[in-house]
Amino acid sequence: MSVLELEDVHTYYGESHVLQGVDLQVEAGEIVALLGRNGVGKTTTLRSILQLTPPREGTVRFAGEDVTGLATSDVANRGVGWVPEERRVFGYLTVEENVRIAVGPDGEYESLRDEIFTLFPDLERFRDEEARNLSGGQQQMLAIARGMVGDNDLLLVDEPSEGLAPMIVEQVVDALREASAETTMILVEQNFPLAMDLADRFYLLDQGTVVESGSTEGVTADDERIRRYLAA
Amino acid sequence: MLLSTHNLTKDFGAITAVEGVDFTLDHGELCSVIGPNGAGKTTFFNLLTGALEPTAGRIEFAPTSRSDPVDITDAPTHETALLGLHRSYQITNVFPTVSVLENVRIAVQAHRGRDSWQFWRNANAFDDHVAEAESILSRIGLAADAAEPAENLSHGEKRTLEIGVALAGDPDLLLLDEPTAGVSSEDVGTVTDIIEDVAADHAVMLIEHNMDVVMDISDRVAVLNQGELIEQGEPETVRNSDAVQRAYLGGYDSSGGAVESDDDANGDVGVSA
Amino acid sequence: IADPGDGGGGGGDTFKIGALQPTSGDLAYYGEISLMGFYSGLAHRYGADPVESVETGTYEMETDDGPTFEFVVQDTGFDPSTAQSVAEDLIIDEDVDLLFGASSSDSARQISTSVLTETDIPYVVGPAADADITVSNDYCHEQLFRASEHTAMDARAGGRYVAEQGDVSTVAIFAAEGAFGEGVASNYTEVLEGEGIDVLEPRFVESGYSEFGGLFDEAVEQGADGVVGGFTFATLPEFLPTAMEYDEMQAFGGFAELVTNQVIGSTIEATLGEGFTEQDIKDAQLGPFTTRYHWNQYDNPINDSFIDMHVDAYGIVPDLFSAGTFVGGSAVGQAIDESGSTQGADVAAAMRGMTVEETPKGEGAYTFQEHNNQAASSMTVAWPVPTTDEWADSWDAAVMPGEPVETYAADEVMVPASESSCSL
Amino acid sequence: MIGTLSGFLAGLAVVPELAAIVSFVDVPLALGGVGDFLARLLQPDTLVRILLEGMGKAAIYFMIAVGLTLVFGLMGVLNFAHGAFAMLGAYVGGIVLVGTISAGSGVGTRLLLFVVAAGVVFAVMAAFGAAVETKLVRPIYDRPPTYQILLTFGIGLVLEELSRIVTTLRGIQPEPTWSAAAGTIPAVLEGSIDILQETLGINVRAFYLFAAAGGILVATAVWLFLTRTLYGLYIRAGSEDSEMVEALGVDVRRAFTVVFGIGTGLAALGGVFLTWDPTWGPSVLLNIDVLLFAFVVVVIGGLGSFKGTVAAALVVGVADSFTTWLFHTGIVTFPGLPEVTIFLLLVATLVVKPQGLYGVEEVGGH
Amino acid sequence: MTDSTNDGTGRTATTDRSTTDSESTRTTPTGEVERLTPEGDSSPADAAADEADSWLHLYARDHLSHAAVVALFVVYPLLYAQLTAIPAIDLVVATVDPGAFFDAFLPATTFVIALFFLGLFAMSFDFISGYTGYLSFGHAAFYGVGAYGIILAANGKVPGLSPETPFMVTMILAGLVAFALALAIGLVSFRLSGVYFAMITLGVAQVIYVLVRNWDYAAGNPLSGPSHNGPTPEIGIPYVDSLSVAIGRLAGDSFENVFGLGLDLSATWVSYWAIGLVVLVCYFAMQRIIHSPFGRVMIAIRENEERARAVGYNVFWYKMVAFGFSAFFAAIAGALFAGFSNNASPDDTFYFLVTADALIVTIIGGIGTLAGPLFGAGFFQWLEDVLSAEQGGLAPYLRETLGEPILSTEVLGVTLGDVINSAVAGRAPLYLGIVFVAFVLLVPNGLLGSLRDRLGGTVAKRLPAVLERYRRR
Ligand SMILES: Nc1ncnc2c1ncn2[C@@H]1O[C@H](COP(=O)(O)OP(=O)(O)OP(=O)(O)O)[C@@H](O)[C@H]1O
Ligand SMILES: Nc1ncnc2c1ncn2[C@@H]1O[C@H](COP(=O)(O)OP(=O)(O)OP(=O)(O)O)[C@@H](O)[C@H]1O
Ligand SMILES: CC(C)C[C@H](N)C(=O)O
Ligand SMILES: [Mg+2]
Ligand SMILES: [Mg+2]
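Heads up: the sequence lines are chains A, B, C, D and E, in that order.
Using the working numbering, read the first sequence as starting at 796 and increasing by one per residue.
Using the working numbering, read the second sequence as starting at -7 and increasing by one per residue.
Using the working numbering, read the third sequence as starting at 502 and increasing by one per residue.
Using the working numbering, read the fourth sequence as starting at 352 and increasing by one per residue.
Using the working numbering, read the fifth sequence as starting at 17 and increasing by one per residue.
It is worth saying that the hints were derived from the structure and are not from the lab.
A hint or two may mislead.
[What the hints assert, rightly or not] FRET-style restraints, in silico, Cβ to Cβ: (1) D:Arg605 to B:Asp119: 56 to 62 angstroms; (2) C:Ser895 to D:Leu568: 45 to 51 angstroms; (3) D:Leu568 to C:Ala771: 26 to 32 angstroms; (4) D:Leu568 to C:Gly816: 36 to 42 angstroms; (5) C:Ser922 to E:Val91: 47 to 53 angstroms; (6) C:Gly816 to E:Glu416: 21 to 27 angstroms; (7) E:Val459 to D:Arg489: 15 to 21 angstroms; (8) C:Glu891 to D:Ala474: 20 to 26 angstroms.
Yeah, the Cβ is synthetic: ideal placement off N, Cα and C, and Gly gets one too.
Isolated chain A (complex conformation) (with noise of 0.2 angstroms):
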């Protein structure tokens, strides 16, 4: 069974038709990378995903279950982790908290924390900084771990290596393969190589719904079907 599927999602900012139509599937254990062109709708599909921008039209089901039309919180209950685009940490919250807040009232936070900070040791360093005192590319690592504690069986990867200098970048991507190892994932990444590199198949989107999509096996950026929609 797949962990999620949209079937025929319509999405709408107001009056503005974003995302017209999306299919798609993620199977367990998969790292699948959404692309296309700034503005296509990757981020909409994503918050159309979590009900954050509730589709107008069409289904989202995860584990089997139409979660359509729920609460954000319950989809996020349910197993959906979210790193958003531009990071979007807690500003005036320490880092810890920020981690914190992502555990819930049941989880073991402890050990849940321990582990991140193992896993992001510079993260640990400033654990009781103000998140708004954190480097672009902590403050990205910070989105992702927070992403990852929560215990989610489907994580939302939102541009992670936007604005991150090269070193940092690299970082991000060991710190996404760890987290894949345990959690299935959707990336949406500018960054074409990277994606190829980190993801198992992808989906090619070009104004609101899926033009292409296929295993990243082999392609590249030169792909005529590809260079159609990225690149002028």
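Go by the hints and put chains B, C, D and E with the ligands onto chain A.
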């Protein structure tokens, strides 16, 4: 020369959104500005129109109404607008509950001297304002929706209305910020047609992520990355520039020096370097 | 459509009285006891039963040998603007022959300056107590009559008594902002300074003010050994308990009505326990106070039957303002009888200079002064005492006024015509 | 030199009448010179007294304002019913106190019962606040903020009038303040503190120290709640980015309800203190009076900022006690001085720092 | 219903869709589309004739609803007098007293006049708050300036102004003072927006209020404010006696046997008409401003201030002047109030709850609709009147109708009489609060706004069409 910036810089605390940009634009030119998210494109527009004050640098503008260039570095928005610098917004930013016609008419009115202070006369008595607004609506193809409240328009129509409002100030320079954002594929053509039409008698700067549009209609393309102007030139030149390919596809710091893509823009960029 | 030009003339044997009193809000109690007194005064005169309701509304009182009295009672909420507007309602819409009322001196002043100037019907003020309403040329009016006692009378009785006893040398005055408080302050200042006592600059505070501690401290610092408060009952319950805490200062002034007595009573009980004595109160330096009237200070048949009538109709004894408004009512009746007319103007003419026969202070104890239409009457001075068993049922407070220690005759407490700027 | 400000102005005035016209500033600055005034002010007992009283007042301002700030910080709702909640708190507290304390109760019993009353009021009013939030406020979150202001203003109006009706029917009126409830205060709190008085000659009402202690306790509790509990974490995070919190699996709606409940409970708790406060006491007028003060504190501090509320409460509390001192001593005889000063502080703060002392732009949007 | 998604400024404008476009005369579908479509095949001459004809026709049509409302206001006194004068009928079982009924349920004289003060004040409040989007929480200050202004002038307390100066002149002067005050307040306040603007204006107004409460110069007792001691205020053409009438319930002009029709006009009603006339003029003046190019800029600022700036408006000065106008009319309202009632107290004029009243009636009537607040004020005053403890209110009516036995029935230690006394008499604020909450929740566009939503345009525009529909049936 219509517009020139010298060492234009804008800091937001630690972030330098626009850094030392020297840029010039000629009358009648259509120049696109591209660059990854957060490159500073919108901020650049904000500096030009006076919505933001630069941290450093200078902006000069030479509208047709003046013989000499004017220093507009510290001019507030309404002054740059009156000088002939008009913009549309990345996020639709019109007057939502009033009619489409009124959206444009109010912008026309802004340029009719003291008319706006005539609180004792009926706004509808100014036939020339209305006529002008109506002609703009015809030009952008919204005449049929003139009476509709702006918020009832479709997204694509709102994007065109954005342009209409900007056009109403009879600009010397029109700044368009992602006019096709969120416009469905069928309608993108309409918007580009309007832009080309407008560009025939106005100077235009265009921020766009839709490369088809950019490459198709621009006289010149300027590329911003991390606040810096890294490349500019004819569409073809820019398209083939390595730096641009890297910056625009890579979307991460290429100035950090760590990117070693020597031969092929599509190579294994950044990750395993 | 009503005709405002015609103020009086309610027809042969109905006399219509518009009564304005606070019947809602914090100071409704003032309005209620005032109405009770007024009804009683008229009822007593004609041997009728007083109206029992103290709500707003229209009430009739039939009399055997006088006109039928119709009372239209309106709520002022203790607010001058409301008082003015209901006064106008009464004149225009109800076509009343006479106005009675106002517990707030500011209301009475406003009616005098904004309403009386435009009409010719008479106005009986009460219990609004600022002296200037009848003493100052700014407010006195030939249609305006007041039987109720006022602040200058308070000061000329209570102030003088304390001064003459020689118990105080420096006095602080705290009073409410507004006509009443200012009246208290200026009258006490005048009387006390006349007796050679130092008076500190009076301090005025907002209604409901409660941080008296600091004011007392400062007064003590400046050597005050006496204090006078000029407050309505919106502030008295804050002022008096604080005054009791300052044993070095003797608190005197005007005696208060029931509700304040309740508050003082419970404060004393809280500090001294239930079985406190007269001496305890004296030791707390609370008093002596001058009283305009209290039921237990006069012993005469009129007062006796007044008390009976009052307790009968309302379940409580008459209070501080009752005599003043009683006399107001009684005087109206007497004026109607004497003039044989129910025309407002005739009634007013009859009241001028009239000596009122039936009054709780005794027969003929109130006389309207020619120069300002203020009724002159006597005042007493008394200490508060624990409420005696005799009155425990009809005076629901732990303290009550004691036997008078001094009685000042009318001519000793009135402002002489020569000192009054009002001459009608 | 003895002069009045208006006399001074008269000297300057071109139009001689001006002095008379501006007579409301007729503040007899009866200083034996500025030096004398300063000498009086700078006496240790005066200063300490002003500061201690100021802290007592600040504590109560804080208790009432902090709920307002929490609610605004998380939910972006400017709650105009807040004063009414404080007023209800004073009455409910009064009911508990009057019902349990008798004339013979000792100091210890009274203080204990006060704590009980505070607990009861907090619980009852928090539940009430939660109900108001779910039934009335929730449907209009997506409207412009003006509507939330209007709605809560209406709720406050209704609560005030209902209280008026009940107090009249129950005979708590005609007294303007409910003195039976105010009278449950133990005598020690009414007087000044002996030790301070004897050793330093400082004459400060013990109640203010009691209130200050209460305020510190409440501030600490709120602070601990915000920083040490998961819920506090949700609230603080939610005031930055409530969508993100939602996406982490937290039911933000419920958090809104809880916060509104707590805010209401805190206002009501402040109300319980008002019951014993010599300057206030249970009264329906509290609604408006307290509301205005709470707004001033919250706006001066910066809408939505806990730290700002603490700081602003202190500023306003001390300004209040300082101007009260000026009035008591007769240095200024203008009775409206404390009120004017506090509103001037508001205006001045907004002019100089439009976001308040610790305000952040765009807080509370969601 | 509302739209804030496109508003990049994060501003707190209220953008209920019914408001502006319906207030502006050109944006309703019918009128506009006609204008845009070519003339068709009729000859130019025909068209011109048609146009002249339809211009008049249209004008009359547009103002039909205005005329109807004005007519209702004009005849109200006569109606009221007739209805309340209906004598009681003694049936066997009970007395039916329609007069008393109407007396209890129709707003009485003072309340209808108060409607004018409050209505005009609320319109001025709506002018800045509803049309420009800046909630002026300190608006009472301007009302107070008007009220105090005319009284102080009449009492000879304004240096350089003779107490004999006609009311019409001092009223306008007071308006100008308020205008200037608004500019001064705006200077510091318009740097802020939203809640902060509301709070700073409130702060300034409260400071003024406290000062006025203690302003000995203005009145013997500043707490209760000054009384008018000058010549009776007259409305009309200053210095032309035959074209002026004195206002005031007692001091105003009354006319007997008007035009020999046997009709007596009391001073109250004469004042009512005179004050109503001033309010009408002010209404049209404000409406004119709103429909002017200037007014369109105000609306643009409310809709999207950032964009208004970007199309070339120096919004600061437009806001300032709009604030000034609004203050001017608020002061006129205050002047009328004080002129009529002869008195002004700080609590009735400068206090922030006076602003709150304006806010309430504006919401009830419909924010961003100019006439709405007037209807809201009507509703408000009607409730006040019905629930007042005074004669002609519901409480006295109930007491009289129900009779003593029912009143003194006790339930749970409380009698029905007590309940009436405490829950009905003088309890207008309670019911007003409830109505207000209900309006915010259920009718956010207010009476007039919702009516317009229903009709699909301004009443003036739509009424004729609606009538037409019914006529055809
Ligand atoms: N809150 C919003 N309101 C209106 N339109 C929006 C909103 N958010 C996004 N859009 C529009 O929806 C479209 C899709 O946006 P989305 O963020 O999903 O793109 P994306 O594929 O994630 O792009 P990017 O690579 O730039 O992150 C864009 O045209 C964008 O302008
Ligand atoms: N008002 C502001 N305060 C602080 N930072 C800002 C502000 N405006 C923009 N920035 C930052 O400046 C940088 C440039 O932003 P800008 O909006 O100009 O990007 P852009 O090139 O228009 O991107 P996009 O294509 O996504 O619209 C970003 O990092 C952004 O976060
Ligand atoms: C003693 C009271 C009758 C005084 C009254 N409150 C007044 O203002 O005059
Ligand atoms: Mg995205
Ligand atoms: Mg941009």
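Task: Hints violated by the structure (numbers, ascending) - done: 4, 8
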